[in-house]
Amino acid sequence: MSELPPFVLYFISAFLVVASRGIVRKIILLATPVIAALHIGLNIDTGIISTYSILNYELTLMRTDKLSLLFAYLFCIASFISTIFALHVNDTKQEIAGLVYAGSALGAVFAGDLITLFIFWELLAISSVVFIWARGTERAIDAGMRYLIFQVMSGVFLLAGALVHYHATGSLAFNHIGLGSTAGWLIFIAFGIKSAFPFLHSWLTDGYPEASVTGTVFLSAFTTKVAVYSLARGFAGEEILVYIGVTMACFPIFYAVIENDLRKVLAYSLINQVGFMVTGIGIGTALALNGAVAHAFSDVIFKGLLFMSMGAVLYRVGHINGSNLGGLYKTMPKTTVLCIIGALSISAFPLFSGFVSKSMVMAALVKEEYNYLWLFMLFASAGVFHHAGIKIPYFAFFAHDSGLRPKEAPVNMLIAMGLAATLCIFIGSQPQYLYSLLPWEVNYWPYDATHVLTQLQLLFFSALAFVWLNKQCLYPPELHSTNLDADWIYRKFLPAGIHRGLIFFRKIKESAMTAAIAPMHSIRNSFSQSYIAKYHLSESWPTGSMVFWISLVLVAYLILDIFGSVL
Amino acid sequence: MSDKDQKKYLFDKPGNVKRLLNGFYVVCILLVIADFIIYRHTTMEWENIPAFYAIYGFVACVLLVVLAKKMRTVVMRKEDYYDE
Numbered sequence: 001m002s003e004l005p006p007f008v009l010y011f012i013s014a015f016l017v018v019a020s021r022g023i024v025r026k027i028i029l030l031a032t033p034v035i036a037a038l039h040i041g042l043n044i045d046t047g048i049i050s051t052y053s054i055l056n057y058e059l060t061l062m063r064t065d066k067l068s069l070l071f072a073y074l075f076c077i078a079s080f081i082s083t084i085f086a087l088h089v090n091d092t093k094q095e096i097a098g099l100v101y102a103g104s105a106l107g108a109v110f111a112g113d114l115i116t117l118f119i120f121w122e123l124l125a126i127s128s129v130v131f132i133w134a135r136g137t138e139r140a141i142d143a144g145m146r147y148l149i150f151q152v153m154s155g156v157f158l159l160a161g162a163l164v165h166y167h168a169t170g171s172l173a174f175n176h177i178g179l180g181s182t183a184g185w186l187i188f189i190a191f192g193i194k195s196a197f198p199f200l201h202s203w204l205t206d207g208y209p210e211a212s213v214t215g216t217v218f219l220s221a222f223t224t225k226v227a228v229y230s231l232a233r234g235f236a237g238e239e240i241l242v243y244i245g246v247t248m249a250c251f252p253i254f255y256a257v258i259e260n261d262l263r264k265v266l267a268y269s270l271i272n273q274v275g276f277m278v279t280g281i282g283i284g285t286a287l288a289l290n291g292a293v294a295h296a297f298s299d300v301i302f303k304g305l306l307f308m309s310m311g312a313v314l315y316r317v318g319h320i321n322g323s324n325l326g327g328l329y330k331t332m333p334k335t336t337v338l339c340i341i342g343a344l345s346i347s348a349f350p351l352f353s354g355f356v357s358k359s360m361v362m363a364a365l366v367k368e369e370y371n372y373l374w375l376f377m378l379f380a381s382a383g384v385f386h387h388a389g390i391k392i393p394y395f396a397f398f399a400h401d402s403g404l405r406p407k408e409a410p411v412n413m414l415i416a417m418g419l420a421a422t423l424c425i426f427i428g429s430q431p432q433y434l435y436s437l438l439p440w441e442v443n444y445w446p447y448d449a450t451h452v453l454t455q456l457q458l459l460f461f462s463a464l465a466f467v468w469l470n471k472q473c474l475y476p477p478e479l480h481s482t483n484l485d486a487d488w489i490y491r492k493f494l495p496a497g498i499h500r501g502l503i504f505f506r507k508i509k510e511s512a513m514t515a516a517i518a519p520m521h522s523i524r525n526s527f528s529q530s531y532i533a534k535y536h537l538s539e540s541w542p543t544g545s546m547v548f549w550i551s552l553v554l555v556a557y558l559i560l561d562i563f564g565s566v567l
Numbered sequence: 001m002s003d004k005d006q007k008k009y010l011f012d013k014p015g016n017v018k019r020l021l022n023g024f025y026v027v028c029i030l031l032v033i034a035d036f037i038i039y040r041h042t043t044m045e046w047e048n049i050p051a052f053y054a055i056y057g058f059v060a061c062v063l064l065v066v067l068a069k070k071m072r073t074v075v076m077r078k079e080d081y082y083d084e
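So the sequences go chain by chain: A and B.
The working numbering applies: residue 1 is where the first sequence begins, and numbers increase by one.
The working numbering applies: residue 1 is where the second sequence begins, and numbers increase by one.
Treat the hints as calculated values from the structure; they're not laboratory data.
Glycine included, C-beta positions come from ideal geometry on N, C-alpha and C.
It cannot be assumed that every hint is accurate.
Here are the simulated lysine-lysine pairs, BS3-like style, with alpha carbons at most 27 Å apart [as the list claims (entries may be wrong)]:
#1 A:Lys407 / B:Lys69
#2 B:Lys8 / A:Lys330
#3 A:Lys330 / A:Lys26
#4 A:Lys492 / B:Lys7
#5 A:Lys93 / A:Lys26
#6 B:Lys69 / A:Lys471
#7 B:Lys69 / A:Lys330
#8 A:Lys407 / A:Lys471
#9 B:Lys8 / A:Lys334
#10 A:Lys334 / B:Lys13
#11 B:Lys8 / A:Lys471
#12 A:Lys330 / B:Lys78
#13 A:Lys407 / B:Lys8
#14 A:Lys471 / B:Lys70
#15 A:Lys492 / B:Lys69
#16 B:Lys78 / A:Lys334
#17 B:Lys8 / B:Lys18
#18 A:Lys330 / B:Lys18
#19 B:Lys7 / A:Lys407
#20 B:Lys18 / A:Lys334
#21 A:Lys492 / B:Lys70
Far from chain B, some chain A residues (derived; all Cβ distances over 10 Å) [said to hold, decoys possible]:
#22 Asp45
#23 His480
#24 Lys507
#25 Ser511
#26 Ala515
#27 Ser526
Whenever a hint applies, use it, and build me the whole structure from the sequences.
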């Protein structure tokens, strides 16, 4: 029993969901994460390795240590909260996708070899795209297709890397890989696509805002966090990750400031938060790695909470453009308060979850003397508060009165957001429980006078900047717009380039044809006028008869050859 | 619907907004004063600048917004840019 992989529970539930209806189906959906979490908590210890043979190959379906267990708990919590949030949705496709998606994430974090990882990697891709397509709009279907191409491409890199790795080392075990080989780089790119490295990130900001109201909540929890887990296992301490992480933390905040679609703002801030995790993994010390995974833990919950609150607004209002929202606190006060708790958590206010996890990465940067990068990360921290902490709640719930008076969010949504908000405050004020789950031994406590004071100064004066800019009318207004990002390369530049290229080649072909056909005509004309043209064989014949004559000649050769050798 | 529109909410009264902002300014001032009272342990040179974090937070956010606004001139397109 102890060796039953938890993903099996999710996959069985997916079948049960197909066979059931109504209230029974809802009970199955809610019970699955609870049973899986109990199973992991009671039966699964660290140090289990269990394999399963298929076609002479051993798949390591279970390899447990504190790192995989931490993510397993996280994914159970995330799927439980997201399921409650989506409880009102009666869409079999999304319900099955939710189970397969969360189950695959669990499968991936327990995968002990690269092939098992690859299988769950692709299952994550296929199941998650359902949430984008579920929106049903043409934009969503296109965005889903682009999302899927990226995800599948990531899987192809992973498989290629795994095979090269096997060829070179004779092993497929998924442990530290490093960047010392071609295989290492291939796998690194695979993980990089899924964790939204710069220039490989546009699937996220393109796809997530197009997903269904409840779908984005699921999406935000699993894909990037499985990638963060994989990076932590395979590439801890690779210094390039520090620079990639800092870039990820810094560039999206500029986009977040000018973006109008508030779910897209959150998608950019998701990349920013993953930047902190990637940086921690790159530093590679026990403190930094603990910081990275602890931040993944708190991020799933507060980012989920923010996506849920924006989802609730989208559900009630029908759109999520900052330019057309405002004043919603009047009729959605509970959602407002819950959103603010998420905003305080992501901004790393003391007593909220971001504070106790992000600070470990920051402390590790100082300890390893990345002084200038630390300044960039401090800039990113202030920026997070600016765009996610203030902008999201301000433009949705306050700002100018849009005149919209939507109803408060449905009860199931409020319960889901309430659970997430409680966890945000619990983790933030009682961090010892999260710290005891962390994989590496480290002695760290976030609450000391200096840290609390400096963080409060940073945040309050960031807020002061917002107030001042608003009063001076310097703050950029929310505008209906599209902001060009890396996806421009393949959505406009390459298609336009290919289009122009095709026109160019067509012109070349035409002029070449006219140039070539003219002399051919004259040759034919002069031939038909010559006296040879009067012979039977020089008439124009169908291809079939030509083939017939050629084969006749070949047969003659063959016969001559056989008899020639006999004689 | 009409009596709903006439209902006054918390921030409809300018006085409340003002009270909130004044409270906020007071906290900001207290945080700077605290910087001189509470001993801060520092590891980096620039941390020794008085109220370093407050200044940095303010400057960082103004810079962020100004640069982002400038960025709009380069990257901003119509909302249906990709649909054409």
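Structure-based check of each hint:
1. A:Lys407 / B:Lys69: violated, 34 Å
2. B:Lys8 / A:Lys330: Holds - the C-alpha atoms of Lys330 (chain A) and Lys8 (chain B) are around 9 Å apart, at most 27 Å.
3. A:Lys330 / A:Lys26: violated, 32 Å
4. A:Lys492 / B:Lys7: Not OK: Lys492 (chain A) and Lys7 (chain B) at ~49 Å, beyond 27 Å, violated.
5. A:Lys93 / A:Lys26: Judged against 27 Å, a Cα distance of about 14 Å means the pair holds.
6. B:Lys69 / A:Lys471: holds, 16 Å
7. B:Lys69 / A:Lys330: The given pair, whose Cα atoms are some 30 Å apart, is violated under the 27 Å limit.
8. A:Lys407 / A:Lys471: Not OK: Lys407 (chain A) and Lys471 (chain A) at ~31 Å, beyond 27 Å, violated.
9. B:Lys8 / A:Lys334: Roughly 18 Å separates the two Cα atoms, so the pair holds.
10. A:Lys334 / B:Lys13: Given that 27 Å is the threshold and the Cα spacing comes to 21 Å, the pair holds.
11. B:Lys8 / A:Lys471: Distance of about 23 Å is within 27 Å: holds.
12. A:Lys330 / B:Lys78: Outside the cut-off at roughly 32 Å; violated.
13. A:Lys407 / B:Lys8: Measuring from Cα to Cα gives roughly 17 Å; hence the hint holds.
14. A:Lys471 / B:Lys70: holds, 19 Å
15. A:Lys492 / B:Lys69: holds, 23 Å
16. B:Lys78 / A:Lys334: Status violated; Cα separation ~35 Å.
17. B:Lys8 / B:Lys18: holds, 16 Å
18. A:Lys330 / B:Lys18: holds, 18 Å
19. B:Lys7 / A:Lys407: Holds. Lys7 (chain B) to Lys407 (chain A) sits at ~15 Å (cutoff 27 Å).
20. B:Lys18 / A:Lys334: holds, 23 Å
21. A:Lys492 / B:Lys70: holds, 22 Å
22. Asp45: holds, 39 Å
23. His480: violated, 4 Å
24. Lys507: holds, 24 Å
25. Ser511: Its Cβ never comes within 10 Å of chain B, the nearest being 31 Å, so this holds.
26. Ala515: For Ala515 (chain A), whose nearest Cβ neighbour in chain B is about 37 Å away, the distance exceeds 10 Å, so it holds.
27. Ser526: Holds, because the least Cβ-Cβ distance between Ser526 (chain A) and chain B comes to about 53 Å, which exceeds 10 Å.
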